[in-house]
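Enquirer: Protein sequence lines, in the order shown, are assigned to chains Z and W.
Residue 190 in this note's numbering sits at position 190 of the first sequence, with consecutive numbering throughout.
Residue 53 in this note's numbering sits at position 53 of the second sequence, with consecutive numbering throughout.
If you are wondering where the hints come from, they were derived from the structure by calculation, not from laboratory data.
On a predicted model such as this, the values are computed, not experimentally measured, just so you know.
You may find that some hints are simply not true.
To be verified - Derived EDC-like pairs (lysine to aspartate or glutamate); straight-line CA-CA distance at most 16 Å:
1. W:Lys49 - Z:Glu264
2. W:Lys108 - Z:Asp271
3. W:Lys90 - W:Glu104
4. Z:Lys330 - Z:Glu264
5. Z:Lys230 - Z:Asp406
6. Z:Lys224 - Z:Glu245
7. Z:Lys288 - Z:Glu313
8. Z:Lys330 - Z:Glu313
9. W:Lys49 - Z:Glu245
What the hints assert, rightly or not - Chain W is nowhere near these chain Z residues, computed Cβ spacing over 12 Å in every case:
10. Lys2
11. Lys11
12. Lys30
13. Gly238
14. Gly289
Beta carbons are placed, not taken as given, at the ideal position from N, Cα and C, and that holds for glycine.
For reference, the chains in residue letters:
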Amino acid sequence: MKRYSAFAIAKNALSYHQGWERAWAKPQMKKEYDAVIIGAGGHGLATAFYLGKNYGITNVAIIEKGWLGGGNTGRNTTIIRSNYLQDPSAAIYEKARSLYETMSQDLNYNVMFSPRGVMMLAQTEAEIRGYKRTAHANKLQGVKTEYIGPQKVKALCPIIELSGPRYPVLGALWQSRGGTARHDAVAWGYARACSEMGMDIIQQCEVTGVMQSRGKVMGVQTSKGNVKCKKLGIVVAGNSGHLAEMAGFRLPLESVALQALVSEPIKPCMDVVVMANTVHGYMSQSDKGEMVIGGGTDGFNNYTQRGSFHHLEETVRALIETFPMVSRLKMLRHWGGIVDVTGDRSPIISKTPLSGCFINCGWGTGGFKAIPGSGWAMAELMAKDEQTGLGAQFGLNRFQEGRFIDESVAAGVAH
Amino acid sequence: MLNLKCPNCEITADETDLHCDGQAHIERFGTGASDDDLETYLFMRHNPKGVHFERWRHVFGCGKWFNVARCTVTLEVFGTYSAQSLVPPKSLINKIKKKRPEWEGFVK
C-alpha cells in the first residue's frame with residue numbers, strides 16, 4: 001500500500017493522478033478463514049482492524065450484503081461524544097473518542113475528525129438536574145465535560161434563541177473535545193487498513209444461513225457460496241435480529257427507523273454540535289456548509305430505511321424554535337437508517353448461546369461515535385473468547401441478571 | 001403514513017392518532033417464574049424482518065387497545081383485530097399465508 005501524503009499528491013500530479021492504486025482489494029472469497037465478520041460497516045471493519053492490529057489475527061473475511069459503509073455508517077449525523085452517565089458506557093465511548101483523535105494518523109487516511117465541541121441543551125428543570133448529575137459522574141470517570149449556563153451557550157452558538165417560548169434554553173452539558181468526523185472516510189480508512197493486512201472484504205454477498213454442529217459455529221452460507229470459519233462475529237446493527245434467528249437465538253432488540261435530513265449549503269454559521277433532546281432534534285454544520293439535522297425514531301418496528309413524514313415535521317418545528325434561521329432553509333435530502341434498540345439503551349458486545357459466535361449490536365441511535373471503541377472491545381472478545389476488558393459489562397446475560405447499563409434516562413432520545 | 005382501522009370504533013385512523021406498544025401476544029410471567037421465562041417476557045422480542053403482530057392503542061380516539069398484523073419491510077397492513085385474542089384469528093393467518101407463502105407462520 002502506498003502511503004497517502006502531501007508528497008504523494010505532488011508526485012501523482014506529474015502523472016495526472018492516473019497512478020493511484022485501489023484503496024482496498026476486491027478479492028475472491030476463500031473456502032475457510034480463522035474469523036468471519038458479517039457486516040462491513042464501521043463497527044465490523046473496526047473489529048477486523050483491531051483483530052489484526054491488537055491480536056495478529058489477519059486471516060479474516062468481512063462479508064457485506066450491500067457495499068461497505070452503506071448502512072448506518074453512511075446514514076448517521078456523525079456526532080462524537082463520550083459524556084455518558086454509567087461507568088461502562090463512559091469507558092467505552094471515551095476510548096472511542098480518544099481513538100478518533102489519532103485515527104487519521106493511525107490509518108493514514110483523513111477521517112476529518114473535528115473536535116468542535118458538542119453541546120446538549122437543558123430545556124427543562126429535569127434536564128438541568130440530569131446533566132449536572134452526568135457532569136459529576138464524568139468528573140469521577142475522568143471524562144472532560146462541564147455544565148454551562150445559557151450565556152455561555154449563546155457565546156458558543158450565537159444563532160441560538162434562548163428564550164423559547166415553549167422550551168427556553170436553561171443551560172447545557174458541554175464536551176469541548178467532542179465533535180464530528182467524516183463518516184464514509186471512517187469506513188474507507190478501516191477498509192484500506194484491513195485490506196492492507198491481507199483481510200478479504202467481500203461486498204455484494206448476503207449471508208443466508210449460519211452453519212453449526214454440536215452447538216459450535218462451523219461457518220456461514222452466503223449468496224456466493226459457503227465459507228467455513230472458526231469464529232464468527234455478527235456486527236449488523238438493525239439486521240441483528242434477523243441474523244440471530246439464523247444462528248438460532250433471540251435478542252432483546254427492536255429495530256426502528258431513525259431519520260436525518262440535510263439542508264442546502266450555506267455560509268459558516270455554527271461551529272459546534274447542538275443536541276436538543278427534549279424537542280428531539282440535533283444539528284451541526286458540515287464542512288460543505290449543509291446543516292445536518294437528526295430527528296427522532298419511528299414508534300414502531302420497521303426495516304424500511306425511511307421514516308414517517310410527521311416525525312420530520314416535528315423535528316423541524318422544534319428546531320425552528322431554537323434556531324429561528326432554519327425556517328428560511330430549504331432541505332435537500334432526508335433518509336432513514338435502521339437502528340437496533342435494547343431495553344436499557346446500551347449496546348450488546350457478547351458471546352452467544354452458539355459457541356464461537358459473537359455479537360456486537362444494540363448501539364441504537366448512537367453507534368457512530370463508538371466505532372473505534374466498539375471494534376476494540378469486540379476484537380478483544382473474539383480473540384480471547386471471554387467477556388473481559390472494555391466490553392466486559394455489555395454481555396447478553398445482563399438482562400437475565402438485572403444488571404442494566406441504564407442510559408435511557410441519561411441519553412434521552414438522541415444518543 | 002400508516003393508516004390503521006381500529007376494530008373497536010371502526011374508525012380508520014392515521015399513525016399520529018395511534019400509539020404502538022410493540023410485540024403482541026407476549027406470554028406473561030410473574031413471581032416464581034424461571035429466570036429464562038422472566039427474561040423472555042421482559043426483554044426478548046421477535047423483531048422479524050417481515051410479518052409482525054403488534055399492540056396498538058387508539059390514543060387520540062376511542063382510547064382502546066387492538067392488535068395489528070403488519071409487514072415491517074413494506075409497511076403493508078394485513079389486518080387489525082381485537083386485543084382480547086390470545087392468538088391471531090385463523091382467517092387473518094390464512095390471508096397472510098396466501099400473500100406471503102414463504103412466511104413460517106405465527107410463533108408465540
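Enquirer: Can you list which hints this structure breaks, lowest number first?
Expert: 1, 2, 5, 6, 7, 13
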